[in-house]
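**Student:** Spelled out from the first residue to the last, the chains are:
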Amino acid sequence: MEAIALDHLSFSYDGENPVLKNLSLTIPKGSYTAIVGHNGSGKSTLAKLIIGLLEPGAGQIKVLGQTLSDENLSQVRDHVGIVFQNPDNQFIGSTVADDIAFGLENHCVPTEDMQAMIEESAAKVGMSAYLDAEPTNLSGGQKQRVAIAGILAMAPDIIIFDESTSMLDPQGKASVNAQIRKLNQEKNITILSITHDMEEASQAEQVVVLDQGEVAAVGRPEDVFMNEELMSRLRLELPFALKAAKAFQKAGLNVSPVLSTEALVEELCPSK
Amino acid sequence: MNNIALGRYLPMNSLVNQMDPRAKISILFILMIAIFIPAGFWGYVPIVAFILLALYLSKLSLSFAMRSLKPMMLMMVFLLVINVLVMHTGTLLISWGWFKVYSDALVQTAYIVIRLTLMIILCTILTATTKPLDLTLGIEKLLKPFEKIGLPAHVIAMMISIALRFIPTLIDETNRIMNAQASRGVDMQNGTFKEKISAVLSLIVPLFVSAFDRADQLANAMEARGYDPSRPRTRYKTLKMTSIDYIGLALAFLVLAIDIAIAWL
Chain A
67 MEAIALDHLS FSYDGENPVL KNLSLTIPKG SYTAIVGHNG SGKSTLAKLI
117 IGLLEPGAGQ IKVLGQTLSD ENLSQVRDHV GIVFQNPDNQ FIGSTVADDI
167 AFGLENHCVP TEDMQAMIEE SAAKVGMSAY LDAEPTNLSG GQKQRVAIAG
217 ILAMAPDIII FDESTSMLDP QGKASVNAQI RKLNQEKNIT ILSITHDMEE
267 ASQAEQVVVL DQGEVAAVGR PEDVFMNEEL MSRLRLELPF ALKAAKAFQK
317 AGLNVSPVLS TEALVEELCP SK
Chain B
183 MNNIALGRYL PMNSLVNQMD PRAKISILFI LMIAIFIPAG FWGYVPIVAF
233 ILLALYLSKL SLSFAMRSLK PMMLMMVFLL VINVLVMHTG TLLISWGWFK
283 VYSDALVQTA YIVIRLTLMI ILCTILTATT KPLDLTLGIE KLLKPFEKIG
333 LPAHVIAMMI SIALRFIPTL IDETNRIMNA QASRGVDMQN GTFKEKISAV
383 LSLIVPLFVS AFDRADQLAN AMEARGYDPS RPRTRYKTLK MTSIDYIGLA
433 LAFLVLAIDI AIAWL
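Sequence lines, in order, name chains A and B.
Under our numbering, the residues of the first sequence are numbered 67 to 338, in order.
Under our numbering, the residues of the second sequence are numbered 183 to 447, in order.
Hints are computed from structural coordinates only; laboratory data are not their basis.
You may find that some hints are simply not true.
To be verified - Below 20 Å or equal to it, Euclidean Cα-Cα: the simulated SDA-like pairs (lysine to any residue) are:
(1) B:K422 x A:D179
(2) A:K114 x A:P222
(3) B:K422 x A:E178
(4) B:K419 x A:Q251
(5) B:K422 x A:Q181
(6) B:K419 x A:Q181
(7) A:K114 x B:D398
(8) B:K313 x A:M233
(9) A:K114 x B:Q399
(10) A:K128 x A:N105
(11) B:K419 x A:T177
Said to hold, decoys possible - Covered by chain A, according to a simulated footprint, are these stretches of chain B (three or more residues, beta-carbon under 8 Å):
(12) 343-352
(13) 386-400
(14) 413-426
Note that the Cβ used here is the ideal one computed from N, Cα and C, for glycine as well.
Can you build the whole structure from these sequences, using the hints too?
**Tutor:** Have a look at this one:
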């Protein structure tokens, strides 16, 4: 079964300029999908539609087999979590524990059960030592990890990351990205990551390229990023390893195009 | 910012810190009523005694409590001037041409000053010994009975706690915008009144734009996490009244009873 199925989805904010045009897309359960594309390609709008913050102009959104409607919105939201871009603007509680508790409170989890659930999800993101910390004393990466913990406490099937690492420093970015991969591999949570970061996208199982509200390409990262015509037409930046590999090829070295730094190192100086 | 005593929480491990915020708010309320009972100067003796006890138990210094009065000094002087100018009853104390001071003006001012002082010290003790969030939770629980007549107690509490949560964020934002505008040549300190107004505008407009943007994103995040003000919620933090709270409440009622006795018996 698909985690998310979008069927001929259209959307416009003002009724004139379409943001999404007849978009169809399926995201398999347990997969890690990255959505890339330029500003204004409709990436974040898509996330808001899936979580039901916006209503589609035409077409259908199916989440875990249920067609999204006003009636089942809150049930669907029990299964889908979203981490937004700005770490400050999604930190609702005044301490880490309070923030993780926020979603539990909304879902009427009994007070007696909360402490254990909060501690468990804080431990999963490595924030156990900060339960009483206030947001002003946390780094951006830590705040994003708290946001993830708040969602994990709800035991969701799908987590959407809407440019969640774009405001973080490299260290915070790396820690959040590692967390995302871990959730996908260990907990089998379906990940939909909307990102500008091609390094992160190259780690995904599936890459979706959006351009002006339409799907320009879908496929495995190696297939999408190797499509030179597409990448240059949309002026998307290539992952660093691939860029370097191509530069080596141009210089006459026999290097096959690879996506990860480790693979590039292996190409340049084979260990065996 | 650091010398404002009123409204600042001091993390101390005192008996008053451990009290239930509901009890503390209720005690404040009872004593406020006691302060306004016209029991003459003797009526303030039990209240002052209660406050001194509370200060002692909360490990706050008298000078900390006095510091909270500083911002009110100007207002107190202003009250004295107004009272002297308009009150012309009682015995004449000073007569200096058209300028006359009557005893009632001084007595009235003294009453108001005493009342203000006592109330401010009480509020300072409350805010210094109670975390803002506990205070909010206390207000929410105390307002709970009024939900039946349509008062949205938990919505009010949510608004207060979000406002408190975003104060440091918005102070950071203000500093950032001030620096950004200063780097573009805006001078906040110098210039004529008109120039200062336009400098402040260059701060306020971006601050509001960004605050609305934050509010929008926050609303999205809250909704995505299942917040619906019309649905019941459970609470993570719970409050529990202990014997100290009941003793405190009993003492506050005793003070009120004494004042009523002095005033009307």
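**Student:** Now look at each hint and say whether the structure bears it out.
**Tutor:** Now the hints, each set against the structure:
no. : hint            : verdict
1   : B:K422 x A:D179 : holds, 18 Å
2   : A:K114 x A:P222 : holds, 17 Å
3   : B:K422 x A:E178 : holds, 14 Å
4   : B:K419 x A:Q251 : violated, 34 Å
5   : B:K422 x A:Q181 : holds, 17 Å
6   : B:K419 x A:Q181 : holds, 10 Å
7   : A:K114 x B:D398 : holds, 13 Å
8   : B:K313 x A:M233 : violated, 31 Å
9   : A:K114 x B:Q399 : holds, 11 Å
10  : A:K128 x A:N105 : violated, 25 Å
11  : B:K419 x A:T177 : holds, 8 Å
12  : 343-352         : holds (count 6)
13  : 386-400         : holds (count 3)
14  : 413-426         : holds (count 8)
The earlier numbered hints that this structure contradicts are 4, 8, 10.
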